[in-house]
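Please build the complete structure, drawing on both the sequences and the hints.
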Amino acid sequence: MGDPVFIFGDTDAAWLTARHLRAAGAEVIVASGRTPLETPPAAGRLPETPGVELLPGAVPTGCRGAAGAFEVSLVVGGRPITRAVSAVVIAEAEERLPLLAAYGVAPAAGVVSLSRFGRDELSPDAAAGKGPQVVFISGLFTESHPHMAAEVMRAALKLQTERGVHAAILTGNLKVASNGLEALCREARAAGVLFVKFTGTRPEIRQGADGRVSIDFIDELTADAGRMRPQLLVVDEQPAPSRAASELARVFGLETDGSGFGQADNVHRLPVATNRRGIVVAGGARSIGADPATEAASAVLEILGAVAAAPGDRAAIEPGRCIRCLTCLRVCPHHAVTLESRPAVAPAACERCGICAAECPRGAIRIPGLEADALPAEITPAASTAAPRLVAFCCSRSAALAARSAEVLDREALTVVEVPCAGRISPQMLLGPFGRGAEGVLVLTCHADNCHSREGRGFAHRRTELAAAFLALSGIGADRIKVVSLAANMASEFAQTVADFRRNLLTLRT
Amino acid sequence: MPRSVETMTDRQVLIIGGGIGGLTAALALAQMGYGVAVVEKEAALGGHAARLACKALERCVKCGACLAAQTIAAAAAHPRIRLHTGCRVSGIRRGDRFAFSIEPCAREGAPSRGAPGEADAVVLAAGFRTFDPAGTPYGYGLFPDVITNLELEGLLRAAPLLRRPSNGAAPTRMAFIQCVGSRDAARGHLWCSAFCCAAAVRAARLIKRRQPALAITIFYIDIQTFGRDFESVYAQARREIRFVRAIPAEAVRRESGGLLLCWLDDGSRAPVEEEFDLVVLSTGMTSCPETLALSQAIGLRLPGAGFPAAGGPGAGGAFIAGAAGGPMTIEQTIADARRTAWQVARFLEEGR
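Taken in order, these protein sequences are the chains called W and C. 649 is the number of the first residue of the first sequence in the working numbering; add one for each residue after it. 5 is the number of the first residue of the second sequence in the working numbering; add one for each residue after it.
If you're looking for bench data, these hints aren't it; they were derived computationally from the structure. A quick note: this is a predicted structure, and the numbers were derived from the prediction, not measured. Even glycine gets a Cβ: it sits at the ideal position worked out from N, Cα and C. A hint or two may mislead.
To be verified - Keeping only pairs whose Cα atoms sit at most 25 Å apart, straight-line, the calculated SDA-like set for lysine to any residue is:
id	chain 1	residue 1	chain 2	residue 2
1	C	Lys45	C	Thr89
2	W	Lys1130	C	Arg63
3	W	Lys806	C	Lys45
To be verified - The following label-pair restraints were derived from C-beta to C-beta distances:
id	chain 1	residue 1	chain 2	residue 2	range
4	W	Arg891	C	Pro108	36 to 46 Å
5	W	Gly1083	C	Glu279	24 to 34 Å
6	W	Thr1033	C	Glu279	47 to 57 Å
7	W	Asp872	C	Thr89	53 to 63 Å
8	C	Val276	W	Phe843	51 to 61 Å
9	W	Ala888	C	Leu165	33 to 43 Å
10	C	Gln300	W	Glu1060	47 to 57 Å
11	W	Pro1016	C	Arg133	39 to 49 Å
12	C	Asp233	W	Arg1110	40 to 50 Å
Rendered as structure tokens:
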């Protein structure tokens, strides 16, 4: 596949991706901020051989270009270097933040965070005292995750069965929504692990001068008061993006989610895609608790798709019309507009959303098959029906799919214009149908946070408002244009929206 | 060596099941250049995912159900994917390749003729069957206002406002009962079905938004984390919906038509009785009846009854994808199907 694939991270997901790519005949560069690179348990690291370059102590500083031909800049050991790469995989580990403070305790001989417990294999004296000697807290004052609960239940089970140490787990909502966890919970219970769940009450946790805690609580099932005085309290952790995540997102031009992971919380990115073709995120770089082998397989599939030859129907800027205002560069959510002596579209990065073409003040951007003057199409004269003639602009990922299965009366009075993204619909396209006999225009977009091109639906909503204001001023009437969010599985809502809009338009006829 | 995309090959893969898992695997394999036959027993593609309602509020709530329509459209348009809906695979045998026949799911008694086929690898993506709650003490099948979560999805898809099936009136007190057929040791169902907490909370919030006068209660064992912003979604949901940590013992229909649920109160540990006029049973996932027989025929070793473990390595060209291997959300199914597709490609190129 030409240039090597750049993999940032030394996690299981990263090394497995590297192995898969080697098997597919690709060269790889594995880099990480750490020196030396980590060797994680499942994958093991690749030796440095021809086709494998290892870059420990690396800090990415820039990424230019598009899928198939990126140039990544790095600082390695204080020295700036660049590498030509075909694709980028970010597969760092997530961070695990301690939650001790949330429970009012501090690290001490009797209190540890879950990772440290696992690392040091701490094991208290089995014979000492009555009641649980190790108490785990999992998602008690906060909500936890199945992979964290699994770690806690496995540790408790191991203490109980292999060390003979009585263990307890205090939890709010026990997270078992992952393969095998309900069975693991039963097994731990049967082995003697005590589970105490809290709903309306909270245990009182006090840490003594010796570092050990005492826990007073009311058992909500029996109403009995209980006290635990374990040798060790183990508190689970809050997964979070790595400390480098926000800087990596900036360098690689990636959207982030609400927590700062390098992937938007958008179903169209599932499982490992980002807003940039050819750049994927895997494992702890995008989410928490994902299986590394699954992540690696998805990453490789995504890359194989991204480096395939780009189709010829992407956006292109006409040099003669372009005034270099850089609007396109600013609005493109996919980093597909590059700037050398003048702005140009990298076909391998273009997703054909058309936001640039609609925003370009000079009309200088052409997208084959999506020319503005061709799009309003013909509006069928609805001679056979009294229904108002409508044009519905539909996003191909959402409303256009709903339209196919919707049961709409008087179909011949409805012209569905399918666009790859509602962001393509320019003001000119919104107003065009009124000159061709349409009585109304519907703009149907994805919901917020569901737009494949992030801002496309936002542009469509704003432009429709502007068009409505214009229609009001011109005497045609603002009520003749309407924008609605409508998902692919909302066929009945599609029919309802058309029916409601038609009813409104009929009242405007008189 | 697995080829990059859009390279022709004569290798063929049979995928049993045309839900979102089977179709996602089919698309990934077709894009790598393999020929794919998808056999789906239902007349329509998309499986359960295609029957779910969009639960967006002002913004998308990331349930992923809308992806089914897109996946179906992409699979239907792909030149290397052949779709056989309303069909089943029969007489599958493993030799150098897999030999089988694809025959229409004929109606009772009608003779059917199969078309013979061969494949180099088989992916079992038969999905799941929702637990049948007819045997539970909630009067499902007897009381029209006791419905399943899947039936609720159908109602939400059909009309914007929820009505009681019995009389078409707007409900005023609605209950969700979680874990019906899941986490149930008495039935040997030692699994959480992974999707029902998310589906119930999202549906409840949507219904509450559309019908603010409707009081909604969710009865649960443990609310499972879903989505990336779960803490804030859950906190918001608790302001809109009543959460009761108890599973009601039974539903009794009153003469008024109301449904009486009885449970043990957390705080007082006293039994509480309350009337509802619509009860949704969050029925969990169970293994498809075909899965066991098919997996044996193609040489997949399944560890025990119930759900086989997903994510297994696959053996001799036989692979499993999606919820056929264990309960999964749409998001997990998509990821799992891609993992399987990659394993199939490795097998086809390297014979391992």
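Hints, verified against the model:
no.: 1; hint: Lys45/C with Thr89/C; result: holds (6 Å)
no.: 2; hint: Lys1130/W with Arg63/C; result: holds (18 Å)
no.: 3; hint: Lys806/W with Lys45/C; result: violated (44 Å)
no.: 4; hint: Arg891/W with Pro108/C: 36 to 46 Å; result: violated (58 Å)
no.: 5; hint: Gly1083/W with Glu279/C: 24 to 34 Å; result: violated (60 Å)
no.: 6; hint: Thr1033/W with Glu279/C: 47 to 57 Å; result: holds (49 Å)
no.: 7; hint: Asp872/W with Thr89/C: 53 to 63 Å; result: holds (58 Å)
no.: 8; hint: Val276/C with Phe843/W: 51 to 61 Å; result: violated (24 Å)
no.: 9; hint: Ala888/W with Leu165/C: 33 to 43 Å; result: holds (41 Å)
no.: 10; hint: Gln300/C with Glu1060/W: 47 to 57 Å; result: holds (54 Å)
no.: 11; hint: Pro1016/W with Arg133/C: 39 to 49 Å; result: holds (46 Å)
no.: 12; hint: Asp233/C with Arg1110/W: 40 to 50 Å; result: violated (25 Å)
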